[in-house]
Structures are given as C-alpha cells and as structure tokens.
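Listed here are the chains, written in short residue letters.
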Amino acid sequence: MDNAMIVEARGMNHWFGTGEARKQVLFDINLSLPRGSFTVLMGPSGSGKTTVLTLLGCLRGVQDGSVRLMGHELLGAGDAELAALRQRLGFIFQSHNLHESLTAMQNVIMGVQVRPGVTDDLARRAAAQALGLLGLSDRLDYLPANLSGGQKQRVAVARALVGNPAMVFADEPTAALDKDSAADVVDLLKRLGAARGTTTLLVTHDNRILDRADRILTLEDGRIVTSMDDT
Amino acid sequence: MNRLLQWLFGRLPIGWLQLTHKRGRFFAALSGVAFANVLVFVQLGIMNSMATATLRPYTFFNADIMISAADANALAEGGNVARQWMLQAFADPDVIAGTGLFIANAPLNRGDTDISLTTFGVDPGQPGFIAPQIAGDIGLLQVQDVAILDRLARGISKDEAAAIRPQTPLSFETQTRTLTALTTFAGGGGFGGDGYMFVSDQTFLSLFTSRSSSAPDHILLRLRPGADVAAVVDRLRGLISDTTLRIRSYGDAAQEDLRHQQTKRPTGIIFGFGVLIGVLVGLVIVYQVLSADVADHLREYATFKAMGYGPGFFLGIVVEEALVLGILGFLPGLAVGTAILTLMGKATSLPLAMTTGMAVTVFLGTVLFSVLSGVIATRRLAAADPADLF
Ligand SMILES: Nc1ncnc2c1ncn2[C@@H]1O[C@H](COP(=O)(O)OP(=O)(O)O)[C@@H](O)[C@H]1O
Ligand SMILES: [Mg+2]
Numbered sequence: 001m002d003n004a005m006i007v008e009a010r011g012m013n014h015w016f017g018t019g020e021a022r023k024q025v026l027f028d029i030n031l032s033l034p035r036g037s038f039t040v041l042m043g044p045s046g047s048g049k050t051t052v053l054t055l056l057g058c059l060r061g062v063q064d065g066s067v068r069l070m071g072h073e074l075l076g077a078g079d080a081e082l083a084a085l086r087q088r089l090g091f092i093f094q095s096h097n098l099h100e101s102l103t104a105m106q107n108v109i110m111g112v113q114v115r116p117g118v119t120d121d122l123a124r125r126a127a128a129q130a131l132g133l134l135g136l137s138d139r140l141d142y143l144p145a146n147l148s149g150g151q152k153q154r155v156a157v158a159r160a161l162v163g164n165p166a167m168v169f170a171d172e173p174t175a176a177l178d179k180d181s182a183a184d185v186v187d188l189l190k191r192l193g194a195a196r197g198t199t200t201l202l203v204t205h206d207n208r209i210l211d212r213a214d215r216i217l218t219l220e221d222g223r224i225v226t227s228m229d230d231t
Numbered sequence: 232m233n234r235l236l237q238w239l240f241g242r243l244p245i246g247w248l249q250l251t252h253k254r255g256r257f258f259a260a261l262s263g264v265a266f267a268n269v270l271v272f273v274q275l276g277i278m279n280s281m282a283t284a285t286l287r288p289y290t291f292f293n294a295d296i297m298i299s300a301a302d303a304n305a306l307a308e309g310g311n312v313a314r315q316w317m318l319q320a321f322a323d324p325d326v327i328a329g330t331g332l333f334i335a336n337a338p339l340n341r342g343d344t345d346i347s348l349t350t351f352g353v354d355p356g357q358p359g360f361i362a363p364q365i366a367g368d369i370g371l372l373q374v375q376d377v378a379i380l381d382r383l384a385r386g387i388s389k390d391e392a393a394a395i396r397p398q399t400p401l402s403f404e405t406q407t408r409t410l411t412a413l414t415t416f417a418g419g420g421g422f423g424g425d426g427y428m429f430v431s432d433q434t435f436l437s438l439f440t441s442r443s444s445s446a447p448d449h450i451l452l453r454l455r456p457g458a459d460v461a462a463v464v465d466r467l468r469g470l471i472s473d474t475t476l477r478i479r480s481y482g483d484a485a486q487e488d489l490r491h492q493q494t495k496r497p498t499g500i501i502f503g504f505g506v507l508i509g510v511l512v513g514l515v516i517v518y519q520v521l522s523a524d525v526a527d528h529l530r531e532y533a534t535f536k537a538m539g540y541g542p543g544f545f546l547g548i549v550v551e552e553a554l555v556l557g558i559l560g561f562l563p564g565l566a567v568g569t570a571i572l573t574l575m576g577k578a579t580s581l582p583l584a585m586t587t588g589m590a591v592t593v594f595l596g597t598v599l600f601s602v603l604s605g606v607i608a609t610r611r612l613a614a615a616d617p618a619d620l621f
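Protein sequence lines, in the order shown, are assigned to chains A and B.
Quick note: the first sequence uses my numbering, first residue 1, plus one each step.
Quick note: the second sequence uses my numbering, first residue 232, plus one each step.
Some hints could be false.
Some chain B residues near chain A, calculated using beta-carbon distances under 7 Å [what the hints assert, rightly or not]:
hint	residue
1	S445
2	D527
3	L529
4	M538
5	G539
6	G541
7	F545
8	L546
9	F621
Result set (EDC-like, lysine to aspartate or glutamate): computed pairs, CA atoms no more than 20 Å apart in a straight line [as the list claims (entries may be wrong)]:
hint	chain 1	residue 1	chain 2	residue 2
10	A	K190	A	D221
11	A	K23	B	D619
12	B	K495	B	D302
13	A	K190	A	E172
14	B	K253	A	E172
15	B	K577	B	D390
16	B	K253	A	D141
Calculated directly from the structure, the hints in this document are not laboratory data.
The C-beta atom is built at its ideal place from N, Cα and C for all residues, glycine as well.
Throw the hints in and build the complete structure from the sequences for me.
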C-alpha cells in the first residue's frame with residue numbers, strides 16, 4: 001500500500017436490497033486519494049456518489065472488494081471499529097443537521113468531545129477557535145434557529161473540522177445555500193483543510209466549485225468514468 | 232444546573248438542554264410525573280394509616296398470648312371464646328395470669344352526629360393486662376357505669392375531652408344507659424370506628440345484655456418472665472380441647488390482623504391497586520415523553536452516530552432525561568402529596584401523614600421507574616441510521 005494515500009479502494013462493488021430486489025449500484029470502483037488532497041466527486045443523480053461517500057466514510061459496511069482507510073481494512077470491520085474510525089473523520093451533510101437545542105458553540109463542542117481524553121476546557125477553546133476561523137465569533141451562543149442558512153452550514157463546517165479530522169466527507173454541502181454563501185463555505189472548507197493537511201472528498205453538482213478542486217472524479221451508473229488530476 | 236450536570240456527566244448535558252428547549256412540553260411532563268407521585272403518596276398514606284389504625288388497639292393491652300375464635304380475623308370480628316379454655320390454659324406452668332376481653336361497638340349520640348366507639352370490657356382488678364399509659368386509671372372502672380373515653384375520638388372536641396376529669400366528669404347515653412367518663416386516654420379514629428372506650432366487664436355486660444360473662448371475645452394470657460412464648464403457644468394448642476381456636480402470640484395476632492386488612496379486605500386491596508396504578512401512570516408518562524423526544528431527535532442522534540458516538544452515549548442522554556424528569560417531578564409531587572395527606576388527616580382524623588420512609592421509597596421508585604422507561608425508550612434509537620443522513 002502506498003503510504004501517501006489516505007484512502008485506497010480496489011474492486012469495490014455494492015448492492016442494495018435482497019432477493020429479487022437486489023440491485024448492484026457500484027461496479028468495480030478503484031480510487032486513491034492522496035493525503036491532503038481536495039477531491040470533487042461528480043456525476044448525475046442516482047449514479048452512486050452518496051453510496052461511495054458513505055462506504056469510504058465508514059457509515060456503511062463494505063460488501064465486496066477492498067477499502068483501506070488510514071491503514072485500516074474496512075471490509076469486514078465491525079460497528080464499534082467503524083465508529084472508532086469515524087471519530088477521526090469529519091462529516092458535512094446537505095442539511096446542516098445541527099442540534100436545535102444546542103448553541104453554535106455547544107454543537108461544535110460535540111465535534112471534539114467524541115475524542116477520548118478531551119477535557120471540557122480544551123473542547124471549549126477548540127470550538128471557539130474553529131467558529132472564529134469561520135467568522136462566527138459573535139454567534140457562539142446563538143441557537144441554530146437564530147442563524148441564517150449560510151451561518152448554520154458554517155457551524156456545521158466548524159463542527160466537522162474542530163477535531164482536526166484526518167479526512168472530511170461532504171455531500172452537496174452547498175445545495176441549500178445561495179450563491180455567495182455556497183462559495184464562502186467551499187472556500188473556507190478548502191482553505192482550512194489545506195492549512196491543517198486535511199483530506200477532503202466533496203460531492204457536488206455545483207460547477208462553480210470545480211475550479212477549486214485538485215482532482216475530479218466522475219461517476220456514471222455506478223462506475224468511475226473519468227479521473228482528472230490537476231497536478 | 233447546566234454546570235452541575237456538565238460536571239456530573241463529564242459532557243454537555245444534552246438531555247437537559249433538549250428537555251428544557253421545549254418548555255411547554257417539559258412542564259407538562261413534570262406535572263405528569265408529579266401527578267403520578269401524588270397518586271402513589273395518597274394511596275400509600277392511606278395504606279400506612281390503615282396499618283397504624285389496625286395496630287393501634289393492640290397497643291392498649293399488655294399480653295403474651297391471645298386466644299380467639301376461629302373466625303376472629305380482627306380484634307372486633309368473629310365469635311367469642313368460652314372462659315373455660317382459660318382455665319385449661321392455667322394447667323401450663325408458664326401461664327401466670329389470664330383475663331377475658333370483651334369488645335363491641337357502642338353507638339353514641341353526640342348532638343348532631345352519631346358516632347360509634349369500639350368498647351372494651353376489661354377486668355378492673357387486673358391492670359397488668361392494660362398498657363401502662365392507661366393501667367393507672369383502670370381502677371376507676373370498679374364503679375358501675377364508669378367509662379374511660381378516647382380523647383382523640385371523632386365527634387368529641389378537644390376542649391370537651393380536655394375538661395374530662397374525676398371532678399368534672401362527662402355523662403353520656405349509650406345503649407339506653409347513662410355512662411360517666413371520669414378520665415380519658417389517647418386512642419384515635421380508625422376505619423372501623425370513630426374511637427375507643429374502656430368500661431369494666433360488668434358495665435359491658437349491662438350495656439350488651441345478649442353477651443355472657445362466660446364467653447368473652449378474646450382471652451389474654453400473661454406468661455412467667457423469660458418463658459418461651461412460641462413453645463407455650465405450641466403446648467396450649469395440645470392442651471386446650473377446642474382445636475378450632477386460634478391460639479397465637481399477641482404480636483402474631485396483631486400482624487395477622489394487619490395482613491388480613493391489607494390483603495383480604497376490599498379497602499386494602501383497592502389502595503394497593505391505587506399504588507400500582509400510580510406507578511403505571513408515571514411509567515407511561517415518562518416513557519411517552521422520552522420516546523417522543525427520541526423520535527423528534529432521530530436526525531440529530533444519527534448525526535452524533537455519524538460523528539462516532541457509541542450506544543453508551545445515547546443511553547446516557549436518555550437516562551439523564553429520565554433522571555431530570557424523575558427528580559424534578561418528585562419535588563412538587565412530594566409537596567402536593569404532603570399537603571393532601573395533611574388535609575385529609577385533618578378532615579378524617581385518620582392517622583394520615585407523609586413519612587420519611589414513604590418519601591424515600593417513592594423517590595427511589597420514581598427514579599428507578601423513570602430510568603426503566605428511559606431504557607425502554609432508547610430502543611427507538613436503532614432507527615437512527617447515519618447512512619440515511621446523506
Ligand atoms: N438505502 C438504499 N436502499 C436501496 N437503494 C438505494 C439506497 N440508497 C441508494 N440507493 C440506490 O442506489 C443508487 C445510487 O444512489 P446514490 O448513491 O444515493 O446516488 P447519488 O448520491 O449519486 O444521487 C440509486 O439508484 C439509488 O436509488
Ligand atoms: Mg446523493
């Protein structure tokens with residue numbers, strides 16, 4: 001295995017359903033993501049982007065082939081092992097998925113507190129710092145209901161990045177945002193990721209984001225059809 | 232509160248924040264728990280007072296063994312016992328004294344209300360069978376138609392009772408005779424009567440003319456100091472020819488009476504059911520609140536799952552919520568329960584009161600059942616699949 005790669009998938013197939021309804025949605029996926037890269041995954045709706053993301057992000061069990069993430073084989077890994085790996089990953093969803101009863105600060109604290117041995121004080125400082133980097137220093141004690149869509153998604157980015165994850169997975173994080181907020185969020189994601197050496201895999205339809213990518217993968221009908229490398 | 236919980240759990244008090252986020256629902260849930268607590272407190276209070284009231288008349292006497300008729304499930308229930316069996320009991324070397332105890336209810340007209348006093352006919356020459364707080368006055372009963380009245384009986388006012396002394400006696404009519412109360416003792420109303428009264432066996436027989444001096448309701452025996460009561464009871468069962476009689480240690484007789492009231496009498500069973508219903512109401516309310524809360528936050532929980540939080544974390548949130556509901560619901564429940572029991576006690580002159588034992592039991596029960604409901608409610612968490620978030 002190449003140590004420069006944080007993710008390596010080889011011959012990955014995936015099926016949904018059982019019996020008659022069983023349907024293959026991914027076919028022989030091979031991909032490698034270098035550490036610190038910013039990769040955009042594109043493709044028409046239903047092509048399997050989300051499925052790839054959830055498999056690489058340890059949110060689903062790998063059924064066939066081999067996926068190595070941070071040196072761990074995901075094929076055959078148990079729930080607890082996957083959950084432990086996820087503690088070192090960051091996720092940004094299409095909807096912000098912030099907890100309505102927690103303030104911006106408390107939501108971000110949840111992103112660090114999951115790591116074993118993080119003190120209360122450390123979690124607070126890290127959360128305040130992350131929100132500061134996303135320009136939300138004056139919104140620390142706001143509940144999500146009192147934030148704009150762009151602000152909420154920036155809190156979600158802070159929550160994903162606060163624990164210094166080795167890798168961030170984002171699935172259409174800008175779909176619900178207006179043009180300016182969308183560009184803002186992606187720029188921040190890219191800039192902060194680069195500063196921390198975080199690898200990012202971003203699923204998007206948004207063409208404006210393409211020019212920010214180091215690499216672009218295109219998926220069609222469950223197969224990778226193009227793999228463009230910027231370098 | 233936030234800081235306290237944060238310190239207690241070593242993490243953000245998400246359960247608390249989540250519960251208090253929706254104030255209306257939170258207060259409704261707390262009132263529900265408090266209501267269940269009040270229900271249990273009132274029923275327990277009544278059950279306790281039934282126990283106190285049932286055991287109280289036993290404290291008026293001083294005996295080691297009681298001989299009663301087969302159907303005498305309670306002190307004032309069942310047939311009578313022939314005095315001749317007492318003579319047979321004297322054949323046992325450990326039996327040093329015996330006396331007959333007569334019991335009947337005497338109706339008493341107190342102006343606008345009629346009350347009923349459980350009347351004990353005792354031998355005034357044997358004060359040793361009477362509890363010390365009354366025994367000193369028992370000699371007064373030597374005079375025909377003299378009574379010792381219960382100063383805590385319903386229908387007798389405090390002032391009236393306080394005025395009763397040998398110099399200023401109180402005369403009253405019962406069973407077509409005029410009795411004179413020369414002094415009083417502390418009894419109290421129960422479920423079966425409004426209070427108690429002591430008269431001599433002679434006065435008793437003239438009040439209740441159908442009764443005979445040869446057949447009291449119970450026979451009380453006292454044993455030589457140091458005698459083994461259980462062994463004597465066994466020997467008497469062999470010695471006394473009427474094998475249908477209930478021959479029991481005095482303590483056992485009291486406990487059997489209580490058990491009978493609690494498990495065989497409709498009142499006892501109904502109050503026992505009341506406790507069960509209170510517990511069920513509390514359980515259902517807490518379960519409803521917690522499982523609705525889990526269902527409302529499935530998406531957030533799935534997000535936490537995606538972030539790598541494990542099952543223990545979610546169980547912790549729900550248990551935290553259960554504890555908050557249980558503890559905060561208990562406090563108003565305790566306050567209202569105490570108030571209701573005190574008012575009911577005043578209105579009925581039954582020994583109704585909040586006891587530390589009740590409060591502790593109900594508190595532990597509330598917390599236990601809340602946590603139990605919480606644990607059941609977490610089953611819904613399985614539906615939070617982080618892969619569905621994308
Ligand atoms: N949980 C599921 N159960 C069954 N089929 C699914 C499930 N999730 C996705 N699919 C199917 O898998 C294919 C790929 O879906 P997805 O990965 O969500 O595509 P994309 O994210 O590119 O739109 C689609 O045909 C979709 O209907
Ligand atoms: Mg998708």
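Here's how the hints hold up against the structure:
1. At about 80 Å, the closest approach between the beta carbon of S445/B and any beta carbon in chain A exceeds 7 Å, and the interface hint on this residue is violated.
2. Of the supplied interface hints, the one on D527/B is violated, with its beta-carbon coming no nearer than about 9 Å to a beta-carbon of chain A, more than 7 Å.
3. For L529/B, the suggested interface contact is broken, since its CB lies about 11 Å from the closest CB of chain A, more than 7 Å.
4. Evaluation of the M538/B hint against chain A yields a held restraint, the C-beta minimum of about 5 Å falling below 7 Å.
5. For the restraint placing G539/B at the interface with chain A, the shortest Cβ-Cβ distance is roughly 3 Å, inside the 7 Å limit, so the hint holds.
6. A hinted interface residue such as G541/B counts as satisfied when its beta carbon comes closer than 7 Å to some beta carbon of chain A; here the least separation is about 5 Å, so the hint holds.
7. Taken as an interface hint, F545/B does not check out: its beta carbon lies about 12 Å from the nearest beta carbon of chain A, beyond 7 Å.
8. With its C-beta approaching chain A no nearer than about 14 Å, L546/B sits outside the 7 Å limit, and its interface hint is violated.
9. For F621/B, the shortest C-beta to C-beta distance to chain A is roughly 4 Å, which falls under 7 Å, so the interface hint holds.
10. Proximity of K190/A to D221/A is assessed by CA-CA distance (about 28 Å); at most 20 Å being required, the pair is judged violated.
11. For the given pair, K23/A sits about 18 Å from D619/B by alpha-carbon distance, which is consistent with the 20 Å threshold.
12. The suggested pairing of K495/B with D302/B holds, with an alpha-carbon distance near 13 Å, which does not exceed 20 Å.
13. This hinted pair checks out: K190/A and E172/A have alpha carbons roughly 14 Å apart, not beyond 20 Å.
14. Between K253/B and E172/A, the direct Cα distance comes to roughly 31 Å. Violation of the 20 Å bound is thereby established for this hinted pair.
15. Annotation: proposed proximity of K577/B to D390/B holds, straight-line Cα distance about 16 Å (limit 20 Å).
16. Restraint check for K253/B and D141/A: satisfied, since their Cα atoms lie roughly 18 Å apart, inside the 20 Å limit.
When the structure is compared with the earlier hints, violations turn up for hints 1, 2, 3, 7, 8, 10, 14 and for no others.
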